[in-house]
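Participant: Numbering-wise, the sequence shown is residues 9 to 355 according to the numbering used here.
The hints are simulated quantities; they were obtained by calculation from the structure and are not laboratory data. Don't take each hint at face value.
Stated by the list, open to error - Ranges between beta-carbon positions, derived for each pair:
id, residue 1, residue 2, range
1, GLU49, SER111, 18 to 26 Å
2, GLY248, ARG308, 15 to 23 Å
3, ARG128, ALA337, 42 to 50 Å
As the list claims (entries may be wrong) - Lysine-lysine pairs mimicking DSSO-like chemistry, simulated, CA-CA at most 27 Å apart:
id, residue 1, residue 2
4, LYS212, LYS283
5, LYS212, LYS116
6, LYS271, LYS283
7, LYS271, LYS116
8, LYS38, LYS48
9, LYS283, LYS217
10, LYS116, LYS48
Here the structure is a predicted model, which means the values were calculated and not measured. Where a beta carbon is used, it is the ideal one built from N, C-alpha and C, also for glycine.
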Amino acid sequence: MATTTTLLPTTVVGSYPQPDWLVDRAILTKNNVVPRVRLKEIWRVAADALEQAQDDATLIAVRDMERAGIDIITDGEMRRESYSNRFALALDGVDVDNPAVVSGRMGKPTPVPRVTGPIRRRHAVEVRDVQFLRANTDRKIKITLPGPFTLSMQAADEHYRDEEALALAYAEVVAEEARDLVAAGADVIQLDEPWLQARPEQAKRYGVKAINRALQDVPGTTVVHLCFGYAALVSDKPSGYSFLPQLADSTAAQISIEAAQPKLDLGMLSDLSNKTIMLGVLDLGTTEVETAETVAARLREGLRHVPAERLVAAPDCGMKYLPRARAVAKLQALAEGAAIVRRELAG
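With these hints in hand, go ahead and build the complete structure from the sequences.
Facilitator: Take a look at the structure:
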């Protein structure tokens, strides 16, 4: 049984390639926009068989991660149209049938749900996802949730009329969900917060406050993931984060960052000396599969700035848009590269 006490544990960020028999990839990638509202047409399986099909796809993802040697796995987010809309569209106070159109993170017109009343959670959204994953693996498991800051940036607010108030309202329901997910068996809770990078001015004002509210009384290991966007959709990435040092004040135990594709200067990690770093060492923007030695070299660079007991090896971002064969090969390289460095550290 893999445990997080393993030195340099390996993990995935969250998503894994969904099978072509489950989703229509052409619809998924249409207009290079991650869906914020419902995208039911993505599913290739009839509604009465969809849950079973998603379960089967989850088992494929789990077995791929296990065989690759990954220590902390997820369910691959097989049940999601996007990383965020499964949770975001299950809340009260949100009109999902009459979306607004806003400028998305990349400046493209994007339909988003409208917040028309108080944000409330009517039921647990991802508890069955965790229960199914827990029943089908002996590995440590992680589940992801969209973070409150990102949720607030992916909606048109017609109720609170205040950006911070909206983010804090989302934080309350995220915290409720996270506590239920830990109770269902999740070892790690990760908040996906890519919009911290996209909207740094608002993030600096209340991003950490919202994150801390969302992680309040959440036991176990907690992570905040920042990224510049899926590599399949964003090829030109900056070499530094516009919002990162501020997360030293968050209550999250771990901070997850992209480093491989943007060739990040890891010197900035000195600002997060109180955190474990989930370091992106797989570039998902290239068709090339890293060798184990390439992964090992990237981890050694990380070790120049972070002690081994505070370093977790991961891909840059979610693997949703990759071909499955490439995802498998990259994860194998991740596990083998981490094993090389572990042996070196053991001396």
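Participant: So, for every hint listed, does it hold in this structure?
Facilitator: Hints and how they fare:
no.: 1; hint: GLU49 with SER111: 18 to 26 Å; in the structure: holds (24 Å)
no.: 2; hint: GLY248 with ARG308: 15 to 23 Å; in the structure: holds (21 Å)
no.: 3; hint: ARG128 with ALA337: 42 to 50 Å; in the structure: holds (44 Å)
no.: 4; hint: LYS212 with LYS283; in the structure: holds (19 Å)
no.: 5; hint: LYS212 with LYS116; in the structure: holds (24 Å)
no.: 6; hint: LYS271 with LYS283; in the structure: holds (21 Å)
no.: 7; hint: LYS271 with LYS116; in the structure: holds (26 Å)
no.: 8; hint: LYS38 with LYS48; in the structure: holds (14 Å)
no.: 9; hint: LYS283 with LYS217; in the structure: holds (17 Å)
no.: 10; hint: LYS116 with LYS48; in the structure: holds (21 Å)
Of the numbered hints listed earlier, not one is contradicted by the structure.
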